[in-house]
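With the sequences and hints as input, model every part of the structure.
So you can see what is in the structure, the chains are spelled out below.
Number of protein chains: 4
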Amino acid sequence: MAEEYKTSSAENPLNVINVYDLEKEAANVIPAGGYGYISSGAADLYTIQENIKAFNHKLVAPRVLQDIAFPPDVSTTFWGDKLTSPIIMAPVAAHKLANTQGEAATAKGVSRYGTIFTISSFASETYEAQAAQANGQPQWFQLYQSKDDNVTRQMLDVAKKNGAKAIVLTADATVGGYREADKRNGFTFPVGLPIVPYQDGVDQTMDNVYKSAKQALSPRDVAFIKDYSGLPVFVKGVQTAEDTELAIAAGADGIWVSNHGGRQLDGGVASFDALQVVAKANRKRVPIVFDSGVRRGMHVFKALASGADLVAIGRPVIYGLALGGSQGVEAVFKELENELLIAMQLTGSHNIEEVKATNLIDNRFAD
Amino acid sequence: MAEEYKTSSAENPLNVINVYDLEKEAANVIPAGGYGYISSGAADLYTIQENIKAFNHKLVAPRVLQDIAFPPDVSTTFWGDKLTSPIIMAPVAAHKLANTQGEAATAKGVSRYGTIFTISSFASETYEAQAAQANGQPQWFQLYQSKDDNVTRQMLDVAKKNGAKAIVLTADATVGGYREADKRNGFTFPVGLPIVPYQDGVDQTMDNVYKSAKQALSPRDVAFIKDYSGLPVFVKGVQTAEDTELAIAAGADGIWVSNHGGRQLDGGVASFDALQVVAKANRKRVPIVFDSGVRRGMHVFKALASGADLVAIGRPVIYGLALGGSQGVEAVFKELENELLIAMQLTGSHNIEEVKATNLIDNRFAD
Amino acid sequence: MAEEYKTSSAENPLNVINVYDLEKEAANVIPAGGYGYISSGAADLYTIQENIKAFNHKLVAPRVLQDIAFPPDVSTTFWGDKLTSPIIMAPVAAHKLANTQGEAATAKGVSRYGTIFTISSFASETYEAQAAQANGQPQWFQLYQSKDDNVTRQMLDVAKKNGAKAIVLTADATVGGYREADKRNGFTFPVGLPIVPYQDGVDQTMDNVYKSAKQALSPRDVAFIKDYSGLPVFVKGVQTAEDTELAIAAGADGIWVSNHGGRQLDGGVASFDALQVVAKANRKRVPIVFDSGVRRGMHVFKALASGADLVAIGRPVIYGLALGGSQGVEAVFKELENELLIAMQLTGSHNIEEVKATNLIDNRFAD
Amino acid sequence: MAEEYKTSSAENPLNVINVYDLEKEAANVIPAGGYGYISSGAADLYTIQENIKAFNHKLVAPRVLQDIAFPPDVSTTFWGDKLTSPIIMAPVAAHKLANTQGEAATAKGVSRYGTIFTISSFASETYEAQAAQANGQPQWFQLYQSKDDNVTRQMLDVAKKNGAKAIVLTADATVGGYREADKRNGFTFPVGLPIVPYQDGVDQTMDNVYKSAKQALSPRDVAFIKDYSGLPVFVKGVQTAEDTELAIAAGADGIWVSNHGGRQLDGGVASFDALQVVAKANRKRVPIVFDSGVRRGMHVFKALASGADLVAIGRPVIYGLALGGSQGVEAVFKELENELLIAMQLTGSHNIEEVKATNLIDNRFAD
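Here the protein sequences line up with chains A, B, C and D, keeping their order.
Under the working numbering, the residues of the first sequence are numbered 1 to 367, in order.
Under the working numbering, the residues of the second sequence are numbered 1 to 367, in order.
Under the working numbering, the residues of the third sequence are numbered 1 to 367, in order.
Under the working numbering, the residues of the fourth sequence are numbered 1 to 367, in order.
Errors might be hidden in some of the hints.
Below, a list of computed lysine to any residue pairs in the SDA-like style, where the Cα atoms sit at most 20 Å apart [stated by the list, open to error]:
no. : chain 1 : residue 1 : chain 2 : residue 2
1   : B       : 280       : D       : 361
2   : C       : 183       : A       : 338
3   : C       : 53        : C       : 360
4   : D       : 24        : B       : 44
5   : A       : 280       : B       : 214
6   : B       : 280       : D       : 363
7   : D       : 147       : C       : 67
8   : B       : 214       : D       : 71
9   : C       : 147       : A       : 327
10  : B       : 226       : D       : 361
11  : B       : 214       : D       : 132
12  : C       : 211       : A       : 338
13  : C       : 356       : C       : 147
Please keep in mind that the hints were generated in silico from the structure rather than gathered at the bench.
Okay, here's the thing in structure tokens:
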């Protein structure tokens with residue numbers, strides 16, 4: 001029941017040493033059910049752990065005498081939008097699990113930082129309340145498609161009306177992953193999901209929420225969404241060369257490499273390892289957004305050097321939200337930017353284009 | 001002594017989060033000697049542990065836009081028998097160690113689930129009592145051959161009379177593995193083994209039980225069993241290309257890849273790694289059953305994608321039997337099926353044939 | 001504040017079993033802030049840990065019947081200076097954090113041992129007081145260049161006047177690494193840095209100290225320093241083939257392979273792994289000094305066999321200083337020499353040239 | 001002092017589950033100094049640990065239908081001597097550290113088992129007392145050569161007179177390894193070393209004992225020993241192809257692959273890995289004895305399958321001696337034989353020649 005769920009309502013400056021600390025601290029202010037839902041992954045947690053460890057499958061080498069005055073230029077431009085850095089906000093369901101202020105505070109912090117905010121279909125706040133915090137920054141809409149095309153059209157209408165600049169079709173969650181923390185906690189959503197007309201969310205398990213959305217997604221859905229919305233479409237959840245081709249052939253304007261934060265298929269490849277495969281298959285035809293496992297500025301660096309154009313973060317932002325509201329959100333982005341700047345300076349990278357051109361050192365099968 | 005051995009007699013619904021939990025919980029209801037016998041492996045436990053870890057020597061990649069309505073079709077057909085799924089029951093000795101209801105309850109749960117039950121020569125229940133629970137589902141008979149061919153003929157007669165559809169010749173246990181838990185516990189069977197005329201089992205060590213069966217097995221035995229029974233014969237315990245050829249040349253109708261659950265030869269290859277070798281050598285000439293280390297629906301998936309036609313489980317079912325009787329048995333099968341269904345959906349596999357055609361990602365020498 | 005910082009003032013003989021012990025014991029005599037500064041590394045500590053583990057990426061094989069009377073000859077000659085062994089003192093900032101006697105005691109211990117002492121720009125003692133302890137042994141000067149060329153000239157004048165035989169340009173610290181221990185401790189220097197005219201150091205963070213030095217270093221700086229000083233110049237912090245070429249092309253007389261003890265770029269290669277790359281690129285054109293991670297005589301051996309001409313140690317010496325003053329410093333060098341002698345004897349190496357000619361066994365991707 | 005050293009004087013039957021257990025139990029009956037000397041290894045203990053782990057760098061595969069009646073034939077013949085099994089006794093210094101009965105009890109247990117006993121130069125018992133226990137079984141003499149050839153001749157005279165059938169020249173201990181346990185314990189020998197005329201041993205460190213023997217060994221020494229003694233000579237401590245050639249060229253009749261139980265050179269290759277290299281270089285020209293790290297019958301199996309003709313064990317026997325005297329010694333050999341028999345049966349090996357012809361599965365760079 002919503003009334004029994006007492007989570008944080010923090011709004012304060014947040015001092016961040018690293019985002020791992022935030023994960024531990026957030027466990028003290030988010031109720032166990034919500035925290036389990038946010039933090040955990042599928043089954044044996046192999047893939048969720050590999051998501052982070054895999055960043056050391058590629059190593060960087062420091063470079064010297066590269067004539068860089070600190071700080072290098074971390075800004076980037078994407079589809080005409082100037083961003084503070086290539087670090088953007090991933091779609092995450094139900095921010096009110098972490099902070100009573102919900103997505104409005106997250107959107108505000110993200111805008112203040114100056115990057116893209118992705119609105120989740122399963123947000124616990126209305127679309128309008130999130131859009132109201134855009135403050136000139138771009139917002140994208142992550143779509144869980146309805147079984148009923150007319151309902152999907154309604155959702156796209158709302159997004160367009162509120163200024164969404166792209167649609168992100170989540171294609172890797174046509175059934176819920178086997179998330180044992182939720183089963184042990186008997187977790188159901190204590191908050192509503194006002195954006196999706198087909199599901200109110202309250203007292204529902206994540207499995208039921210997923211089941212109420214369209215499951216049998218196909219290339220036709222990409223074309224349908226693109227045609228109806230007139231917006232560029234990302235296919236999110238791509239991890240293979242085959243699906244890269246499939247998505248591009250279906251008209252996708254971008255590929256979003258993700259394994260849903262290790263929440264869906266356990267025993268699957270780490271997202272960073274999949275990025276290498278997808279980037280090679282893509283041959284720079286469309287932009288790539290990368291997520292899953294990003295906890296360090298160095299992770300952002302390595303993803304950019306492996307073919308990503310933008311790098312999305314999710315859980316760390318939600319922990320920042322829990323601990324500091326919109327200010328906590330902004331602090332998380334600033335922390336990762338700060339770490340990225342140091343990595344850029346010490347690798348002799350004057351700007352993001354040089355980061356993307358960096359050769360990493362293969363360390364795949366090392367101890 | 002049988003009268004001192006107080007094990008579970010549970011018969012109740014069983015809620016399963018994962019089968020690892022059951023292993024821990026079963027330790028509370030099965031006496032230490034019986035539990036040690038069931039759960040442990042040979043010597044340093046290297047191979048028993050590798051059996052599970054080895055499933056991550058191959059990784060899966062999620063697939064998207066594959067147009068699958070959940071659930072995909074998990075059913076399969078084997079030699080004309082329609083099965084709920086390719087998950088079948090492996091032969092396991094002396095189920096009464098885990099539950100006073102013994103093999104009758106296991107057979108009942110397996111039939112209710114709708115798959116193959118393999119009756120062990122070293123069952124603690126009569127053949128007839130197990131066959132009585134078949135309920136239209138296929139049953140196979142796992143043979144520990146007698147030193148005396150006439151006794152072997154008697155055993156095959158019983159199996160045929162009671163409807164066995166195949167004989168599974170256990171060829172990897174011509175001596176007991178070096179199982180230290182049994183030595184530390186001073187374990188002897190507290191229950192009788194009514195199927196084998198050459199051994200009553202009571203107060204015997206496993207070593208003695210094995211020694212009373214035929215040790216010097218050869219290809220001639222495969223031919224002998226096949227000729228006399230008129231039934232298809234599996235050779236169980238094959239782990240090499242050489243033995244694949246040997247078994248097929250001897251007339252085997254199927255190969256059963258197994259390292260006896262890591263109970264026999266420590267320092268040997270993981271069963272899942274051996275499956276890759278056997279499947280390649282087999283070149284689809286005969287069907288392959290796989291066991292040893294299966295604890296997840298994803299393990300079933302990976303075995304099927306590596307050449308197995310059926311995947312047998314043993315210990316998890318015995319823990320389910322200890323904790324819930326026939327209902328516990330059924331719950332274990334349903335749990336693994338549920339996990340397998342999620343894996344199928346998220347890898348875009350509409351049915352078991354598509355699972356078997358999946359290309360896995362080599363991760364053999366990774367961290 | 002300097003007056004609140006109570007560190008060791010030990011001056012006594014030191015019995016060393018191994019230098020790992022010293023690291024633990026030093027934690028008891030150095031205040032937490034200073035100890036954190038000295039001992040810790042960047043971010044997740046991946047690279048600092050790999051620095052040590054990486055020595056087992058190459059293994060040695062014992063050799064027999066090589067006709068060596070113990071001890072073999074561990075001495076070496078570098079640019080005309082006869083050294084007790086190829087083990088030299090790396091530049092380390094602010095020795096007074098560890099012992100009130102500071103760099104004067106370190107320099108004294110190093111001279112008594114009979115090897116090269118490298119004076120740090122960020123020493124907590126005057127140049128003159130360190131030079132006064134040279135006692136006929138060579139001293140080098142590690143330069144953190146000033147943003148103002150005239151100030152750099154002043155510093156080089158002091159070094160020349162006091163007999164420096166080489167300049168070591170630190171090129172890998174144009175911004176401070178992300179050192180979390182310092183952030184958690186709120187560490188600022190409690191002692192002054194009298195050598196650098198552009199920064200007094202007191203109550204400054206390491207970040208601020210680094211920022212006050214020149215950040216945008218380029219090949220022109222190598223040429224400038226070499227021309228003005230007339231001394232041979234090392235470029236310190238080289239880890240790649242590209243930078244090896246760059247440094248040599250800029251006129252460097254030697255390459256100093258280092259990742260700054262894992263204090264700068266986390267997620268980067270281990271220094272010993274980088275040494276393999278640099279040595280190959282160098283093709284013996286210029287001498288190589290190696291540091292980062294050296295804790296054993298065997299590490300010295302492996303570095304020499306991988307292309308290093310000299311091997312520098314830092315932290316272990318500072319722990320020796322904390323625990324025994326100049327005598328502790330000398331004891332650390334003697335301990336590593338002793339371990340090196342055993343390694344030489346058991347690998348059949350009569351002298352340092354034979355150590356350098358040793359073929360190591362690749363173990364890069366082993367467990 | 002000898003009078004203060006109170007060790008075990010056990011003489012009783014010993015039940016062995018595995019020899020790792022004995023190592024733990026022996027720590028309770030052997031004084032700390034002696035136990036440290038016996039059990040520990042060099043420096044970081046990397047190589048001593050790798051010695052055991054390395055056996056899983058090669059895996060075995062079970063074989064089926066090989067027509068073997070248990071038990072297979074574990075006996076072997078070496079240079080005309082019929083042995084119960086290829087497991088022999090390695091030279092170990094000062095058995096009286098473990099049991100007041102010393103080498104006499106060990107020799108008795110080894111003879112009763114029926115295999116080769118190697119008498120150490122640094123035995124704590126007279127040569128004659130050990131020879132008296134031979135009981136028809138072969139004995140070999142491990143030589144630490146004297147700096148004085150006449151003294152070496154005296155030692156060889158004693159060995160010949162007492163029936164030694166081979167001389168084992170220890171070539172890998174021309175200086176003591178860096179054994180920290182001994183340094184921490186301040187260990188000196190509490191017992192005398194009556195065989196070596198150049199060193200009485202009492203109150204000496206191992207370093208001093210080694211130093212009193214000849215250090216500058218060369219191929220000439222092999223020829224000298226062989227010529228003078230007229231006995232076949234093993235060179236012990238060979239780990240490389242180069243030294244295999246060197247030893248054979250010098251006239252060695254056998255190669256003894258060993259890294260001295262990980263006591264000498266840390267950071268060196270595991271002995272089992274070196275065996276692969278030596279066996280390849282040897283091309284079956286001379287017999288190979290293998291030691292270092294053998295704790296399981298499976299280890300014996302893998303060593304034989306990798307080119308060894310005999311496999312020597314040391315520490316486990318000394319623990320057996322401490323816990324059960326001569327009966328404990330015999331029990332250790334029987335335990336390893338028992339484990340070896342199971343491995344032979346389950347891999348389809350009828351005899352030792354078939355074990356030696358087994359193809360192992362490369363697992364060098366696995367997790």
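* Asked: Does the structure break any of the earlier hints, and which numbers would those be?
  -> When the structure is compared with the hints, numbers 5, 9, 10, 11, 13 turn out to be violated.
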